[in-house]
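2 protein chains.
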Amino acid sequence: MTVLVQFAADRDLWSSYEAPLAQALADAGVAARVTPDAVDPATVDYLVTANAAVVDDFRPYTKVKAVLNLWAGVEKLVGNPTLTQPIARMVDPAMTEAMTEYVVAQVMRHHLGLDRHIQNAAGAWRPERGQKLARERDVTILGLGELGQAAAAALGALNFRVTGWSRQPRFLPGALCLAGIDRLDEALSTAEILVILLPLTAQTENLLDAARLARLPRRAVLINAARGPILDDAALIAALDAGDLGHATLDVFRQEPLPADHPFWAHPGVTVTPHIAAETRPGTAARVIAENIRRGEAGEPLLHLVERGRAY
Amino acid sequence: MTVLVQFAADRDLWSSYEAPLAQALADAGVAARVTPDAVDPATVDYLVTANAAVVDDFRPYTKVKAVLNLWAGVEKLVGNPTLTQPIARMVDPAMTEAMTEYVVAQVMRHHLGLDRHIQNAAGAWRPERGQKLARERDVTILGLGELGQAAAAALGALNFRVTGWSRQPRFLPGALCLAGIDRLDEALSTAEILVILLPLTAQTENLLDAARLARLPRRAVLINAARGPILDDAALIAALDAGDLGHATLDVFRQEPLPADHPFWAHPGVTVTPHIAAETRPGTAARVIAENIRRGEAGEPLLHLVERGRAY
Chain A
1 MTVLVQFAAD RDLWSSYEAP LAQALADAGV AARVTPDAVD PATVDYLVTA NAAVVDDFRP
61 YTKVKAVLNL WAGVEKLVGN PTLTQPIARM VDPAMTEAMT EYVVAQVMRH HLGLDRHIQN
121 AAGAWRPERG QKLARERDVT ILGLGELGQA AAAALGALNF RVTGWSRQPR FLPGALCLAG
181 IDRLDEALST AEILVILLPL TAQTENLLDA ARLARLPRRA VLINAARGPI LDDAALIAAL
241 DAGDLGHATL DVFRQEPLPA DHPFWAHPGV TVTPHIAAET RPGTAARVIA ENIRRGEAGE
301 PLLHLVERGR AY
Chain B
1 MTVLVQFAAD RDLWSSYEAP LAQALADAGV AARVTPDAVD PATVDYLVTA NAAVVDDFRP
61 YTKVKAVLNL WAGVEKLVGN PTLTQPIARM VDPAMTEAMT EYVVAQVMRH HLGLDRHIQN
121 AAGAWRPERG QKLARERDVT ILGLGELGQA AAAALGALNF RVTGWSRQPR FLPGALCLAG
181 IDRLDEALST AEILVILLPL TAQTENLLDA ARLARLPRRA VLINAARGPI LDDAALIAAL
241 DAGDLGHATL DVFRQEPLPA DHPFWAHPGV TVTPHIAAET RPGTAARVIA ENIRRGEAGE
301 PLLHLVERGR AY
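From first to last, the protein sequence lines stand for chains A and B. Residues in the first sequence are numbered from 1 upward in steps of one, following our numbering. Residues in the second sequence are numbered from 1 upward in steps of one, following our numbering.
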């Protein structure tokens, strides 16, 4: 029996995913037809989405066993009241690697103050002495899911003093783990470098507001590789302008692409990266999708199911 | 019996080393007088040097059991024909950590192309797709001493494909190790990112000349954290101007401070860092010096003795 999979994501993604999905489904032993076309919703067994509005109303998809998202973030799917089917988010090992590399690169850059040399057009020889070692540098990671755990491990291996904060208690080797909203200020208070890897939920929206930013040590550096709305843009700029915050490196924004007139672009204390920290890779992501379809057909539990109560 | 140690290094270093050396010698159980003053050379038991010309003529130091250098590089001491006493170079664990961090930071920066975002004043949202993962990136390290080995381990842990090259055969877990001048071109041929951590000797001076630079893959990036004269400056600039080489990040130079009119400063393909990759730290280095004096007094073999035949 052939299962019908509708690839309900941006059309330009289809060219990247068509061949890897066909291969991965064949490798998983699943007989499937995958189509990017609008088909009769009542005939679709699985929907592949990319958190975009190719499908707005999920109610006609009466037979769909799961909505399989290509990205890690599922806030738009979860916010759609017509979507009552199970949702699986993407946990792509290659994406986790890419995110870990982005976080390590940005943390090392700020740890060693590389910018002053990269931008030193003046030609001044100004060696700094007494540079801190990583084992003297406190880094706090907000969010200890797949991505936060991987970043914590990599930074720990580089000797950084890692504090992790998450909603639910976690235990990571070599890191101080704090849990729950009551411990957030404590986690922020030591963060010379703060890395945000939280999911976007009703609880994390605007989590980093003026009051929370004020808990950071003076001249702290903030790296947001999660979702834009977790951070209060105006409070961030005010903290930078006041000299309280040292720098912000941001990969995600409330509106993407970041509008050309947004103050982040021109602010000397902000580095904008255009949502490139970690992209899902078709080769590895297709295998995760195929494995979930195989599980769905075999009646086995799906991987990475979204718990609707907590929205990620 | 009190041993006499002359601190024959730059006077401004003395303020950093006086207290740590006194503490380390006391901790090692050595009764010593350490002085930065010019004393009767014939009475000195140990000389502490910093590869600078505070002492030019070592012949009057007839009683000296060892010359203990504060820096890893000993090329200036080895080049002094009056210095026939044993020389110990510094292997400071904190310096190794600092160098590893510098190498990781610069490799990650070039691996992910951070500069285009750090310098993006134009405010252009240009996400790049198909970014390589570290496990798809070849990094070659020239020099597999303490520093090269530590860098290889850290880069390997971050998933980079590491090739190491050294004069003598070395075996490092997870890295392809090539040895001897006959294998150098092979080591260069895959180096998307090349890290130079060689000692400066007659064999390594001008090792990276025009012919060797031409062996690198097109648009390779070069990082020199070893010694300036290993690299042919003019050949480097020619390779950058021709577009063959992608970038050079240099921490060391033939003349330091790098003269204000040197073309490296203004070249868009060169990042200058002012010899800050790894400084010796008084706290840890003083313990290495004290341990060697303890060994000398106890008749035990000294640590990190320079083999005069190979000059490092």
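Simulated from the structure, these hints should not be mistaken for laboratory data. Virtual Cβ for every residue (Gly too), placed ideally from N, Cα, C. Take the hints with a grain of salt, since some may be wrong.
Rough simulated footprint, nothing fancy, chain A against chain B, three-plus residues with beta-carbon under 8 Å [as the list claims (entries may be wrong)]:
#, region
1, 109-119
2, 122-128
3, 131-137
4, 143-151
5, 255-269
6, 274-280
For lysine-lysine, the following DSBU-like pairs were computed, each having C-alpha atoms within a straight-line distance of at most 30 Å [unchecked claim]:
#, chain 1, residue 1, chain 2, residue 2
7, A, Lys76, B, Lys132
8, A, Lys76, A, Lys65
9, B, Lys63, B, Lys76
10, A, Lys132, B, Lys76
11, B, Lys65, B, Lys76
12, A, Lys63, A, Lys76
Would you check chain A against the region 274-280 of chain B, counting CB to CB pairs closer than 8 Å, and say if three or more residues qualify? holds (count 4)
Please work out if lysine 132 of chain A and lysine 76 of chain B have their alpha carbons no farther apart than 30 Å. holds, 28 Å
Count the residues of the region 131-137 of chain B with a beta-carbon closer than 8 Å to any beta-carbon of chain A: does the count reach three? Check passed, 4 qualifying residues.
CA of lysine 76 of chain A to CA of lysine 65 of chain A, is that 30 Å or under? holds, 19 Å
Does the structure keep lysine 76 of chain A and lysine 132 of chain B at a Cα separation of 30 Å or less? holds, 28 Å
Closer than 8 Å Cβ to Cβ for three or more residues is the test here. Does the region 255-269 of chain B pass it with chain A? holds (count 6)
How does the coverage statement for the region 109-119 of chain B fare against chain A, requiring three or more residues with Cβ below 8 Å from a Cβ of that chain? holds (count 8)
Is the coverage entry for the region 143-151 of chain B by chain A consistent with the three-residue Cβ rule at 8 Å? Violated, because only 0 residues of the region 143-151 of chain B bring their Cβ atoms closer than 8 Å to Cβ atoms of chain A.
Are there three or more residues in the region 122-128 of chain B whose C-beta lies within less than 8 Å of some C-beta in chain A? holds (count 5)
Keeping to a limit of 30 Å between CA atoms, is the pair of lysine 65 of chain B and lysine 76 of chain B held or broken? Given pair lysine 65 of chain B, lysine 76 of chain B holds - Cα atoms ~19 Å apart, limit 30 Å.
Take a quick look at whether lysine 63 of chain A and lysine 76 of chain A sit within 30 Å of each other, Cα to Cα. Given that 30 Å is the threshold and the Cα spacing comes to 21 Å, the pair holds.
When you check the alpha-carbon spacing of lysine 63 of chain B and lysine 76 of chain B, does it fall within 30 Å? Holds - the C-alpha atoms of lysine 76 of chain B and lysine 63 of chain B are around 21 Å apart, at most 30 Å.
Consistency with the previously given hints fails for number 4 only.
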